[in-house]
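Residue numbers (the numbering used here), protein chains in the order written: chain A, 5 to 421; chain C, 225 to 303.
A few of these clues could be false.
From the derived model, a few chain C residues whose C-beta atoms are all more than 12 Å from chain A [stated by the list, open to error]:
| hint | residue |
| --- | --- |
| 1 | Asp240 |
| 2 | Val247 |
| 3 | Val254 |
| 4 | Leu266 |
| 5 | Ser269 |
| 6 | Leu270 |
| 7 | Gly274 |
| 8 | Val277 |
| 9 | Gln284 |
| 10 | Gly285 |
| 11 | Val286 |
| 12 | Arg288 |
| 13 | Trp297 |
| 14 | Ile299 |
With a Cα cut of at most 27 Å, we get these calculated BS3-like pairs of lysine-lysine [said to hold, decoys possible]:
| hint | chain 1 | residue 1 | chain 2 | residue 2 |
| --- | --- | --- | --- | --- |
| 15 | C | Lys251 | A | Lys91 |
| 16 | C | Lys228 | C | Lys260 |
| 17 | A | Lys55 | A | Lys163 |
| 18 | C | Lys271 | A | Lys163 |
Calculated from the structure, these hints are not laboratory results. The structure presented is a predicted model; accordingly, all values stated were derived computationally and were not measured. Note that beta-carbon positions come from the ideal geometry of N, C-alpha and C, so glycine has one too.
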Amino acid sequence: MERVILHCDLNSFYASVECLYNPSLRNVPMAVGGDIEKRHGIILAKNQPAKKYDIKTGEAIWQAMVKCPGLIVVAPRFSLYMRFSQKVRDIFSRYTDRIESFGIDEAWLDVTGSVHLFGDGRKIADEIRQTIRQELGITASVGVSFNKVFAKLGSDYKKPDATTVITRENMKDIVFPLPVSDLLYVGYATAKKLHRYGIYTIGDLANADLAFLKRRLGKWGEYIWIFANGEEHSPVLPQLYEPYVKSIGNSTTAPRDLTTWQDIGIITHVLAESVAARLRDHQFKCSTVTVYVRDNELEHFTRQCKLEYPTDISREIAQSAMRLFRENIDFSKPLRSIGIKASDLSVGNSAVQLSFFTDQALREREAAIDRAFDQVRQRFGFYRIQRGCMKQDTLLSGFNPKGEHVIFPEGYFKAGE
Amino acid sequence: MAGKMYVDVIVHHQADGKIKPLVIIWKNGVKYAIDKVTQVALAASLKAGGAGVRYTCVIQGVSRYLFLEDDRWFIEKGD
C-alpha cells in the first residue's frame with residue numbers, strides 16, 4: 005500500500021504566537037528578533053504584514069528596519085513556543101503515533117495506518133489545520149504525499165493555512181517546475197554546482213543522468229536524484245518528546261568584534277564550559293569537536309577534529325577548539341561570532357580504553373573541578389564562580405550560553421545556507 | 225476595546241479530575257453564579273489573545289465564554 009505522509013509546518017510560528025497574545029500586533033508589520041543591545045540582532049520570524057516588506061528570517065534587525073522603518077521587534081519567549089509546540093504535537097497524536105519532529109515548528113506524520121479511521125490524507129490534513137486554528141489560534145500549512153521529501157515540498161507550496169496534495173499523477177506538474185534549491189538537502193553550494201550543469205528545476209534533476217550526477221557530486225548526487233524522482237522511502241521516525249540528540253553546541257555573537265587571541269580564548273572558555281556542562285547534564289561524552297567562525301562581513305566556515313578520548317571535560321573541549329581556531333584564523337578580518345559543537349556522542353559511563361601516555365589522574369581532577377563548578381552554579385547562580393581568564397574582559401565573558409540558549413525555528417537554518 | 229480580563233473564579237475540582245467553574249467574581253466584588261456549563265472545548269480566543277480550555281457558561285440566561293489558560297481564568301472583554 006502506498007504510504008500517506010503529512011508534513012506540517014507552523015506558519016511564522018514565533019510571530020504567530022506573539023500575535024495571538026497581543027492582538028494589536030496582528031495587522032502591523034512585526035517580527036520576533038534576538039537582543040539588539042548585545043548584537044544578537046537577527047530576525048527569527050515575522051508576521052504576514054512584515055512579509056510584504058521582503059523581510060527575511062536570519063537577516064539582521066537593522067537590515068529589516070531599513071526595509072520597513074516602522075517594524076515592531078519583540079523579544080522571543082521560548083518557553084511559550086515550546087508549550088505551543090507540545091500542544092500541536094498533542095493534536096497530531098490524535099491521528100497517529102508516528103510523528104517525527106523537525107525543529108520546533110515542523111513535523112512529519114505517517115498516517116498510512118489511520119486513513120481507514122479518519123479519511124484520506126487531504127481530509128486528515130484539513131482537519132489538523134482546522135483544529136490547530138481553533139484550539140491554538142495559529143495556522144499551519146500541510147503537504148500530503150507518498151514520501152517525506154515531497155510532503156515537505158507540499159507544505160512549502162502554499163501558505164499560510166493551506167493543504168497541498170502531491171501524488172504520483174500530479175508530481176510532474178507541481179514538483180518538477182520548482183527550483184532545484186527547494187528540494188530538501190539541496191543547499192546553496194549544491195544548487196550552484198547543479199546550475200553549472202544546466203540543472204535549474206527539480207524536473208531537470210529528476211531527468212538528469214544518474215551516473216553523471218554520481219561522478220560530479222558523489223553519493224549525495226545519487227540521494228538528491230532519488231529525492232527528485234519521488235523514490236525516497238525513509239520512514240517517519242516516531243520519537244519521544246525529547247528529540248534524539250546528535251550534537252550539543254553553543255555559539256555567540258560577541259558584543260564587540262574579536263581581534264586578539266585573548267578575545268577568542270575568553271569566549272572559547274565560556275562556550276566550552278557550557279557545552280561540557282550540557283554534555284554532563286545528558287550524561288554524554290563527545291569524540292568530535294567542531295568550531296564555527298564568522299567574520300564581520302558575515303563570511304563563515306567550520307572546522308572539526310577527532311579527540312583521543314570521549315570527553316565531557318571543559319578544558320579538553322576548550323583546548324581542542326583553541327587548536328582549531330589557531331590553525332584556521334589569521335585575523336585578516338575581525339570576527340563577529342564563534343561557536344563550538346560537540347558531536348559523535350557516546351553514553352557517559354561506557355568503558356574507555358586508557359593510555360600509558362595520558363595523565364589519567366589529571367583528567368579525573370579536571371572532571372572533579374567541572375563537577376564542583378556545576379554544583380556551585382546550581383546552588384548560587386551562574387556568575388558566582390568563573391575561571392580567572394573571564395576577568396580579563398568582563399564584557400566578553402558576561403554571558404551564560406547554557407541559560408540563554410536560543411532555539412531557532414527550522415526556517416533559520418535554511419536562510420543561513 | 226476588546227481584550228483580556230483575568231477574573232477570580234470559584235471552582236469545583238471533582239473526584240474524576242474534571243474542573244467545573246461555579247462562580248465568577250468581578251473586580252468590584254460582585255459574584256455571578258454560573259447556572260450551567262453547556263460546552264467544554266480546547267480553543268483559542270482571538271478576541272482576548274490566548275488559548276486554553278474554553279467553558280461556555282450560561283450566566284443569568286446569557287451565554288459567555290470563560291477560558292482556563294494554564295492556571296489562570298480570563299474572559300473576553302466586550303467592545
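Quiz item: Taking the closest pair, is the beta carbon of Val254 of chain C still more than 12 Å from chain A?
Solution: holds (27 Å)
Practice problem: Take a quick look at Gly274 of chain C and tell me if its Cβ sits farther than 12 Å from every Cβ on chain A, holds or violated. | Solution: Gly274 of chain C is in fact no farther than 12 Å from some Cβ atom of chain A, at 6 Å.
Quiz item: Looking at Ser269 of chain C again, its CB stays over 12 Å from all of chain A?
Solution: violated (7 Å)
Practice problem: Taking the shortest Cβ-to-Cβ distance between Gly285 of chain C and chain A, state whether it exceeds 12 Å. | Solution: holds (26 Å)
Exercise. Take a quick look at whether Lys55 of chain A and Lys163 of chain A sit within 27 Å of each other, Cα to Cα.
Key: holds (12 Å)
Quiz prompt | Val247 of chain C and chain A, when compared Cβ to Cβ, separated by more than 12 Å | solution = holds (26 Å)
Quiz item: Closest CB-CB distance from Ile299 of chain C to chain A, is it above 12 Å?
Solution: holds (15 Å)
Quiz prompt | Given as non-interface: Arg288 of chain C, partner chain A, CB spacing beyond 12 Å | solution = holds (18 Å)
Exercise. Examine each Cβ of chain A, and state whether all of them lie more than 12 Å from the Cβ of Leu270 of chain C.
Key: It is violated; Leu270 of chain C is separated from chain A by about 6 Å at its closest Cβ, not greater than 12 Å.
Self-check item: Consistency of the no-contact label for Trp297 of chain C, given chain A and a CB cut of 12 Å
Solution: holds (16 Å)
Quiz item: Should the label of Leu266 of chain C as a non-interface residue stand, given a Cβ cut-off of 12 Å to chain A?
Solution: Non-interface label fails for Leu266 of chain C: nearest chain A Cβ at 4 Å, not farther than 12 Å.
Quiz prompt | Pairwise hint evaluation, Lys163 of chain A against Lys271 of chain C, where the allowed Cα distance is 27 Å at most | solution = Between Lys271 of chain C and Lys163 of chain A the Cα gap is close to 23 Å, so the pair holds against 27 Å.
The structure fails hints 4, 5, 6, 7, 8, 15 (numbered hints given earlier, in ascending order).
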